[in-house]
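2 protein chains.
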Amino acid sequence: MESQAVHQFFFQLMVMLLTARLFAELFARLQSPPVVGELLAGVILGPSLLGWLEPSQVIKLLAEIGIILLLFEVGLETDIRQLAKTGWQALLVAVSGFVWPFVLGFGLSRLVYDRSLLEALFVGGTLTATSIGITVRVLTDLKRQHSREAQVVLGAAVIDDILGVILLAVLYEFSRGGDVDPANAGRVMGLIAAFFALAPVFAKLISLLIRRFELISQTDGLIPTLIVSLVLFFAWLAHAMGTPELLGGFAAGLALSRRFFLPFGVALRSDPAFSDRIDTQMRPIIQLFVPIFFVMVGLSLNLRVIDWSSSFIWSFSLSLFAVAVLGKLVGSLLLRGAWVERFAVGIAMIPRGEVGLIFAELGRTAGILNNEIYAALIIVIALTTLLSPMLLKSFYRRFLPSVPVRGELPR
Amino acid sequence: MESQAVHQFFFQLMVMLLTARLFAELFARLQSPPVVGELLAGVILGPSLLGWLEPSQVIKLLAEIGIILLLFEVGLETDIRQLAKTGWQALLVAVSGFVWPFVLGFGLSRLVYDRSLLEALFVGGTLTATSIGITVRVLTDLKRQHSREAQVVLGAAVIDDILGVILLAVLYEFSRGGDVDPANAGRVMGLIAAFFALAPVFAKLISLLIRRFELISQTDGLIPTLIVSLVLFFAWLAHAMGTPELLGGFAAGLALSRRFFLPFGVALRSDPAFSDRIDTQMRPIIQLFVPIFFVMVGLSLNLRVIDWSSSFIWSFSLSLFAVAVLGKLVGSLLLRGAWVERFAVGIAMIPRGEVGLIFAELGRTAGILNNEIYAALIIVIALTTLLSPMLLKSFYRRFLPSVPVRGELPR
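The listed protein sequences correspond, in order, to chains A and B. Take the working numbering: the last position of the first sequence gets the number 511, and nothing is skipped along the way. Take the working numbering: the last position of the second sequence gets the number 511, and nothing is skipped along the way.
The following block holds chain A by itself, in its conformation from the complex (with noise of 0.2 Å):
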């Protein structure tokens, strides 16, 4: 970009922001996930459709703080406590609801449409992480959201979660690299296990400052500053040891979550007002650059100038929206207990969503991903997220009407 005029920028942003904001609405009003009413959105003002929007270089760094910032919100909503109560069940739907649609992702690019390397890996990692917003909210529309399947679901995508953003880190020094170089990848493994060992004490411990300084502050507006300073900090970090910006944004957020504490830290307790009051004052700011992010997204797809009679686009699309569904429910029937829970918690598992899209857009903007790749990705990601809500909604109506809301499965 080069001198934008600043009324364009306005305009460009609020264009933006509104045709998100109408988007999502009439999504969420349809029961669907918001994030795909703010893609298409994207879509729509993007060469796809009206070719409206060109992203400038402002647009993409604001979309940059985005993601940090709706990583930080994940971390910031993980709860480790809640994995240590689900433990072993979420963990085993976790891990095979990973590795499954990674090695069928991979598999399929790899061995069936005999894809380069990079690229099977960028497709099967992008299946990996479940977003589990959408199922949490109709969950509760059912009022099963306190349910044991409901637990395991969200014990399973928060570990999901970490997995993919580390698969996320390593794929992402293979494509710096331009190769895959296993020596590489342990190093870099090194450097993630040391990043997340290291990285939320240090957030926590800087967070504990930040806690004590706003006590005796005399000006307004600390925590806004100082937190977004904190995860802008972290995201340098994980840069300069050579890990993606976005795990930083996830270390600070577990760092400043309520459950995160520290191994020996007795005195260094989390204060549930400060939490408050970091999540209150956070809140509209991540509310307002997230759907920067998912707009940009939306806007890098160009659907125009996929070929659309080839058959490549349509039978890839949908053997690898199979393939995305498939791996998550096969993780779901390991575990023991009803097999409609078993079920159950496999559909919740579905959707895809945020680390799906930053790593296709990861992949993309590293040139290892072409159009039409990219294109086949978000159309799954957004398949994985409309069609989880109603297929869980339909068997559960039919299946668990009357299962207790609390019913325990055997351990």
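Be careful, since some hints might not be right.
Since the list gives no way to pick out one identical chain from another, each pair is judged satisfied if it fits inside one copy or across any two copies.
As the list claims (entries may be wrong) - List time: in silico SDA-like cross-link candidates among lysine to any residue, alpha-carbon distance up to 20 Å:
(1) Lys493 <-> His246
(2) Lys243 <-> Gln318
(3) Lys243 <-> Val199
(4) Lys243 <-> Thr319
(5) Lys493 <-> Gln318
(6) Lys243 <-> Ser216
(7) Lys493 <-> Thr240
(8) Lys493 <-> Ser156
(9) Lys243 <-> Arg497
(10) Lys493 <-> Met114
(11) Lys493 <-> Gly321
(12) Lys243 <-> Arg498
Derived by calculation from the structure, the hints in this document are not laboratory data.
Guided by the hints, dock chain B onto chain A, whose structure is given.
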């Protein structure tokens, strides 16, 4: 800006936010205005001292969002009923506190220092608007925020702001044309009058729509995206009408302020709970963006290229400072009532702030103010803001310790 790396952008932004916060806090502790601390942060980081930061295009656009959000906040806090209460006294103080500094600043630049007509107009304009924030805080510390003189000062400052913003729009038009054209000024005044008459009403109607929409919305984050969009839209509209963008921010804020009411609209009464939600959710966003603007102003200042050995910068700054102080005092002496109260009002009106900085910045970017005049203006603004609280406190301790807090001046 070319394609700035994401992590560099994150780092720049973080350094700006943290340094601004640090100095704001430091200044607050020294009983001085935080905004001067934020300016100083920019001076330290910028070419004047360390030379670490050169604002990229992105940072500049974020600063632009900062300005319009700042003006939005000024509008939001404008209390029109307050004006009605203090009435003529406030109007008198405001108008004379607007006219005298303008005339004196203009005369000094034009006649004594032989600057160009446009330069002199910008110098005069910079001295007009009172920054009331710091004064209110001092009066609150002295428990005199409900006194009659405080009310007069508050009312006058609001009128000052409005007059200042109107003058800014006229000068903006001159700066675009590169010349002073009375016919053009008339046209701009007409447009501004139209904008000020219509925009708040229009914005109010939109805000009522937003409130309706919020009641039935099924998604989160409606207020941050819609209110920011509203502000961006009015900024864009203001530009489209040939007035500065920030006028739009101000109009939007005015329309959303608690005390704004439409002439005929009994049915359109403000909803205090809705205003509260806007306030709570917009404040963190404003607090995040506004410091970026003030740091930018500091960054724009290059104290190194100024010839400090020449007498010009010293004599110009000091005489301008004298004029800035005297100009505000003169107006207050026209009030009726005890001379101590008149002086208190005058001293309280001395601080210049946000609007003055915007004047200076606009004059600089339009190529009208050279580095030395710009530096002198920033120095004068900083000095007035530092001087007034000190003066006010010692004045009250000496002359008004025994005056009852709610003592009414004769009308």
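Status of each hint after checking the structure:
In this assembly of identical chains, lysine 493 and histidine 246 lie within 20 Å of each other by CA distance solely inside one copy; the values are 16 Å within and 59 Å between copies. For the homomeric pair lysine 243 and glutamine 318, the shortest alpha-carbon distance between copies (17 Å) is at most 20 Å, but the shortest distance inside one copy (45 Å) is not. Taking identical chains as interchangeable, the C-alpha atoms of lysine 243 and valine 199 are never at most 20 Å apart, the minima being 30 Å within one chain and 66 Å between chains. Only between protomers do lysine 243 and threonine 319 lie at most 20 Å apart by alpha-carbon distance; the minimum there is 19 Å, versus 44 Å within a single protomer.
Only between protomers do lysine 493 and glutamine 318 lie at most 20 Å apart by alpha-carbon distance; the minimum there is 18 Å, versus 51 Å within a single protomer. In this assembly of identical chains, lysine 243 and serine 216 lie within 20 Å of each other by CA distance neither inside one copy nor across copies; the values are 45 Å within and 73 Å between. Only within a single protomer do lysine 493 and threonine 240 lie at most 20 Å apart by alpha-carbon distance; the minimum there is 11 Å, versus 58 Å between protomers. Taking the shortest alpha-carbon separations for lysine 493 and serine 156, neither the intra-copy value of 41 Å nor the inter-copy value of 50 Å comes in at or below 20 Å.
Proximity of lysine 243 to arginine 497 under the C-alpha cut-off of 20 Å is restricted to the intra-copy arrangement: shortest distance 12 Å within a copy versus 64 Å between copies. Taking the shortest alpha-carbon separations for lysine 493 and methionine 114, neither the intra-copy value of 36 Å nor the inter-copy value of 45 Å comes in at or below 20 Å. For the homomeric pair lysine 493 and glycine 321, neither the shortest alpha-carbon distance inside one copy (43 Å) nor that between copies (26 Å) is at most 20 Å. In this homomeric assembly, lysine 243 and arginine 498 come within 20 Å of each other (Cα to Cα) only inside a single copy, at 15 Å, whereas the closest approach across copies is 68 Å.
In summary, the structure is inconsistent with hints 3, 6, 8, 10, 11 from the numbered list given earlier, while agreeing with the others.
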